[in-house]
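K.L.:
Order-wise, the sequence lines are chains X and E.
Here the first sequence stands for residues 1 to 143, where the numbers follow this note's numbering.
Here the second sequence stands for residues 1 to 118, where the numbers follow this note's numbering.
I should point out that these hints are in silico values taken from the structure, not numbers from a laboratory.
Beta carbons are placed, not taken as given, at the ideal position from N, Cα and C, and that holds for glycine.
Any given hint could be a false lead.
[To be verified] Partial pick of chain E residues on the chain X-facing surface, computed with a CB cut under 7 Å:
#1 VAL16
#2 ASP19
#3 MET33
#4 SER35
#5 ASP36
#6 LEU38
#7 MET62
[To be verified] Here are a few chain X residues that sit away from chain E, every Cβ distance over 12 Å (derived from the structure):
#8 MET1
#9 PHE8
#10 VAL16
#11 THR65
#12 THR76
#13 ASP84
#14 SER94
#15 LEU139
[Unchecked claim] Lysine-lysine pairs mimicking DSSO-like chemistry, simulated, CA-CA at most 30 Å apart:
#16 LYS74(E) with LYS20(E)
#17 LYS31(X) with LYS136(X)
#18 LYS75(E) with LYS115(X)
#19 LYS115(X) with LYS30(X)
#20 LYS31(X) with LYS20(E)
#21 LYS12(X) with LYS30(X)
#22 LYS20(E) with LYS24(X)
#23 LYS12(X) with LYS24(X)
#24 LYS129(X) with LYS30(X)
#25 LYS74(E) with LYS31(X)
#26 LYS31(X) with LYS129(X)
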Amino acid sequence: MSLYSEAFSVEKGDFVTAGEASAKIKRTLKKLGVNSSVIRRVAVSSYEVELNLIIHSLGGQIDFTVTQDDVMLRVTDRGPGIPDIELAMREGWSTAPEEVRVMGFGAGMGLPNMKRNADEFSIQSEVGKGTEIVMKFALAPVR
Amino acid sequence: MVIREIARLLEAEVLVGADKLDQEVDMAFSSDMMSDVLAYVTGSTVLLTGLVNEHVIRTAEMVDLECIVFVRGKKPTSDIIEMAEENGMVLLCTDHTLYCTSGILYSNGLTGVGRRRK
Numbered sequence: 001m002s003l004y005s006e007a008f009s010v011e012k013g014d015f016v017t018a019g020e021a022s023a024k025i026k027r028t029l030k031k032l033g034v035n036s037s038v039i040r041r042v043a044v045s046s047y048e049v050e051l052n053l054i055i056h057s058l059g060g061q062i063d064f065t066v067t068q069d070d071v072m073l074r075v076t077d078r079g080p081g082i083p084d085i086e087l088a089m090r091e092g093w094s095t096a097p098e099e100v101r102v103m104g105f106g107a108g109m110g111l112p113n114m115k116r117n118a119d120e121f122s123i124q125s126e127v128g129k130g131t132e133i134v135m136k137f138a139l140a141p142v143r
Numbered sequence: 001m002v003i004r005e006i007a008r009l010l011e012a013e014v015l016v017g018a019d020k021l022d023q024e025v026d027m028a029f030s031s032d033m034m035s036d037v038l039a040y041v042t043g044s045t046v047l048l049t050g051l052v053n054e055h056v057i058r059t060a061e062m063v064d065l066e067c068i069v070f071v072r073g074k075k076p077t078s079d080i081i082e083m084a085e086e087n088g089m090v091l092l093c094t095d096h097t098l099y100c101t102s103g104i105l106y107s108n109g110l111t112g113v114g115r116r117r118k
């Protein structure tokens, strides 16, 4: 049963509002009384994926759901898709353009950092179609 | 180390959060790369950075950073300061470089964020 759910659309290149969805997610979890270390892991992962949508995707959305047992972020975009997921998952690998690096991002830590912070992480991608990432964070202390 | 001591050692200007200088931080992390801040910071940490934009504050918000020191005399604009204030952060500004800022704090007993678990 879902206690809370909300969908955030994130547009390509929208650096001005970058982080707003994640800030909202963080505030919601605080209001729900979720453990602060879980909140931090969700917030970091959400912010990473939000930035990825802005930097790399053609636009997409973050579906945020809280149940009795976990927090889920289901992220889908409208393309362009990742040709080599294994390479994209490697720390330090980045295809971010120079203007993104100047802002302090594009160190090639995003996907691995999401995987490290989430209790469950899955990624599927098809070139020309899009990418789907699902992350789950257990509410019971599992770490 | 309390933030007041950090400010004193760095001869730093307090840009916002003067009422929170008695808060304590356990360690420091130096980086101009916010991606690395997201990947490394996990505890009560002060961020030392030469990067000045709104993404620094947003990143700090996500990892619950209480204090940011802008090095090399860089000063954020008023809307960035306002954003930090809304998030209850302390912003400091020092003329020291990133290396020297880190060295001063480290030699006075403030440890750094260690190597990350794999």
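K.L.:
Which of the listed hints are not met by the structure?
P.N.:
1, 2, 10, 14, 18, 24, 25, 26
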